[in-house]
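A.B. asks: Okay, here's what each chain looks like letter by letter:
Protein chains: 2
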Amino acid sequence: MIEGLSLLASSMPDLSVFQYNAVDNIFSMTVATMGAAALFLYMSRAHVDPEYRPALLVSGIVVSIACYHYFMIRHSWHDAYALVDGGYKGPGAAFNDFYRYADWILTVPLLMVELVAVLRLPAAKATSLLTRLVIAAAAMIALGYPGEVIADPARWTERVVWGGLSSIPFFYILYVLWTELTNSLDSQPPAARKLLEIARLVILITWAVYPIAYALGGTPDALAAKAGTADAASGIVGANGVVGLQIGYAIADMTAKAGFGVLIYLIAKAKSTKSGEAAYAA
Amino acid sequence: MIEGLSLLASSMPDLSVFQYNAVDNIFSMTVATMGAAALFLYMSRAHVDPEYRPALLVSGIVVSIACYHYFMIRHSWHDAYALVDGGYKGPGAAFNDFYRYADWILTVPLLMVELVAVLRLPAAKATSLLTRLVIAAAAMIALGYPGEVIADPARWTERVVWGGLSSIPFFYILYVLWTELTNSLDSQPPAARKLLEIARLVILITWAVYPIAYALGGTPDALAAKAGTADAASGIVGANGVVGLQIGYAIADMTAKAGFGVLIYLIAKAKSTKSGEAAYAA
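Residue numbers (the working numbering), protein chains in the order written: chain Z, 1 to 282; chain U, 1 to 282.
I should point out that these hints are in silico values taken from the structure, not numbers from a laboratory.
No experiment lies behind these values; they were computed from the predicted model shown.
Far from chain Z, some chain U residues (derived; all Cβ distances over 10 Å):
(1) F18
(2) H78
(3) S128
(4) W178
(5) L181
(6) E197
(7) T206
(8) Y214
(9) A215
(10) A252
(11) K269
Once the Cα atoms are required to be at most 25 Å apart in a straight line, the calculated DMTMM-like pairs of lysine to aspartate or glutamate come out as:
(12) Z:K125 to Z:D49
(13) Z:K89 to Z:D14
(14) Z:K269 to U:D49
(15) U:K194 to U:E180
(16) U:K89 to U:D24
(17) Z:K271 to U:D49
(18) U:K125 to U:E51
(19) U:K269 to Z:D49
(20) U:K269 to U:E51
(21) Z:K89 to Z:D79
(22) Z:K269 to Z:D186
(23) U:K89 to Z:D85
(24) Z:K269 to Z:E51
(25) U:K89 to U:D79
(26) Z:K194 to U:E51
(27) Z:K271 to Z:D186
(28) Z:K125 to Z:E51
(29) U:K89 to Z:D24
(30) U:K269 to U:D186
(31) Z:K271 to U:E51
(32) Z:K194 to Z:E180
(33) Z:K89 to U:D79
(34) U:K269 to U:D49
(35) Z:K269 to U:E51
(36) U:K125 to U:E180
(37) Z:K125 to Z:D186
(38) Z:K271 to Z:E180
(39) U:K125 to Z:E197
(40) Z:K271 to Z:D49
Ideal Cβ positions, reconstructed from N, Cα and C, are used throughout, including at glycine.
Please take these sequences and the hints and turn them into a complete structure.
C.D. replies: Quick look at the structure:
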């Protein structure tokens, strides 16, 4: 068990200059996007009614945490490769997958908090909802991680088992969010309704990326390519797989955190009724 | 296709100490300008009426993103050259053109948002206008990038095709902005009218720099110089071309983002009617 988990970080296939730079650049762009979203969310609190400001503060915290982790992920990417003979060879140090899980452990529960906060449900309902969602989110991430770090192609079925277990709280969360958002629509002002429908779709689409990426990264071929034991042909497939996985995660994170945060702001703005000094005194 | 795109970053001609430092210094000055503009725009929100503060916040976000990217561009410049025998030789690592495109992907749509926000058009009109502008901006940047990364002199006609395709949304945006700004003049207070006419001109002049720089950087001679396959004479032209391109982009970015942001502030100030605590409560 310990041996299996000893690869906290993935070993990586060789990449072309194009493949290496594509991932490097999307990581930098993600740092910029998360940082910009954090500045926007912190400062735009002054532009909504006071009761919606905690939702924007939490949204800002989420993208700040993500900004830090993408900065660290990018450094880990640099450390994992060296330019040799016109191509990038790995591994120098191994690329650290844990940053992404650390980010999810901290930010996924906070994403639930920002959504529930902007809905402004009755207190008892909000507490019950949040308790269930946060426990499910923790279980989802904790169960996914042991599978993610399995790099031995012979153990891919174990990866499937952890992925399957992690999917139970995953689908539970999606079900709860979808039904609660749908139920809450009637009690929301018309201007916010359309935005909440968009938020519901953003959650469904961006969250779908994570299990798909997990599945694609866990086929025996992909694992063999990561382990460097695959032949040349599947090695190229493996390299493209790694590049697609990293870019896919980055785009999903930008949408699910920065894009979702801006949606939370727009919902808060649509629900804000005060104007003049009261709303802008902060 | 993939081979053509494999140079996500340009290879660069040798530069004199003067040429290298000229670019290095303008990058540093751009970081300072963008950072200073960000501080001004964030804090000057308190000096305008509440309804204009989101426009200033978005303007501040734009220059913050540009500040980050020029910091990264300057580091990439340092990595791309080494001082050898009294001159700067490239490439060490290749200079990364993508930072500039990442910056544009994020900031050009936000520039549209800050302009529409300060005009305070009716909501339905603002939404329709922004949707068209943001889609066109994304198409413009996405179509320009495949051409920008072509470094093979034999493929310069492909560069022309991408540039031509990118020009369609570019001219569409300029046309929409020009006509909408012109139409909006009558509904704006007299004090803001003159400033909006200046904003119209700033957009027209600074935006013209980008296609001109793209065209100058894409002649067969310029590409040959970048690829290091040109003879000495066109090599000097190529080096001057690279220096001119980088300085031109930097000056255009400072004007189109920091200068434009200050214009947005002046327009907001001219349109602000409240005085005393009501306007200054923040």
